[in-house]
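A.B. asks: Here is what each chain is made of, one letter per residue.
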Amino acid sequence: NAGVMQNPRHLVRRRGQEARLRCSPMKGHSHVYWYRQLPEEGLKFMVYLQKENIIDESGMPKERFSAEFPKEGPSILRIQQVVRGDSAAYFCASSPADRGNHEQYFGPGTRLTVT
Amino acid sequence: AQSVTQLGSHVSVSEGALVLLRCNYSSSVPPYLFWYVQYPNQGLQLLLKYTSAATLVKGINGFEAEFKKSETSFHLTKPSAHMSDAAEYFCAVQSGGSYIPTFGRGTSLIVHP
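Heads up: the sequence lines are chains A and B, in that order. For what it's worth, our numbering labels the leading residue of the first sequence as 35, then goes sequentially. For what it's worth, our numbering labels the leading residue of the second sequence as -15, then goes sequentially.
Treat the hints as calculated values from the structure; they're not laboratory data. Hints may be right or wrong, so weigh each one.
[Claimed, not checked] Taking lysine-lysine and the BS3-like style, the derived pairs with C-alpha atoms no more than 30 Å apart in a straight line are:
no.: 1; chain 1: A; residue 1: K61; chain 2: B; residue 2: K53
no.: 2; chain 1: A; residue 1: K61; chain 2: B; residue 2: K52
no.: 3; chain 1: B; residue 1: K53; chain 2: B; residue 2: K33
no.: 4; chain 1: A; residue 1: K61; chain 2: B; residue 2: K42
no.: 5; chain 1: A; residue 1: K78; chain 2: B; residue 2: K52
no.: 6; chain 1: B; residue 1: K33; chain 2: A; residue 2: K78
no.: 7; chain 1: A; residue 1: K85; chain 2: B; residue 2: K53
no.: 8; chain 1: A; residue 1: K78; chain 2: B; residue 2: K53
Whenever a hint applies, use it, and build me the whole structure from the sequences.
C.D. replies: Have a look at this one:
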């Protein structure tokens, strides 16, 4: 039973380029969450998605960031025109639809470096 | 509103000594509480969770945590530290009805031989 998968694990982009981060949830999970982690800080919530729907994007920056979770395929976190401040570890988590205790299962993360 | 405070960004113990990582929370409704561990360059792994059943929760790797409502605390303990316990530990609170947990800033556990 594969866990949450994220790719790439490491991504280097120059300022102004686009970054695409992918997340495949655990089998049977239909809820996906994206978090950002800066050095020596906790995880900051960015966006919560279900298949084809954005449920809560209150943690997403208003510009340059977008997320999707299509009917088929992985969830994508897209960062346009990256800046150095976007350098961070981005984690995806998933949960099943019918769990009352809302436990989340995390992927290994994508470490984005903007040069 | 919900929030988490982890006291001490770094905790250092000797191998075999008691581990105590502190977590205090704030929640307007009875919460779910979690402890996660993160090893270098990896994602978060659930250690244990409190979901309004027993107040003393046992997790993996010999860790346990006690929910104390009167103190709004959920401290993580382990009787005897092992070198392999060295990692970053995160406490998280999630209010009932919310899908979004709030994480603390993390505590780095250092274990000395």
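A.B. asks: Which numbered conditions among the earlier hints are violated in the structure presented, ordered from lowest to highest?
C.D. replies: 1, 2, 7
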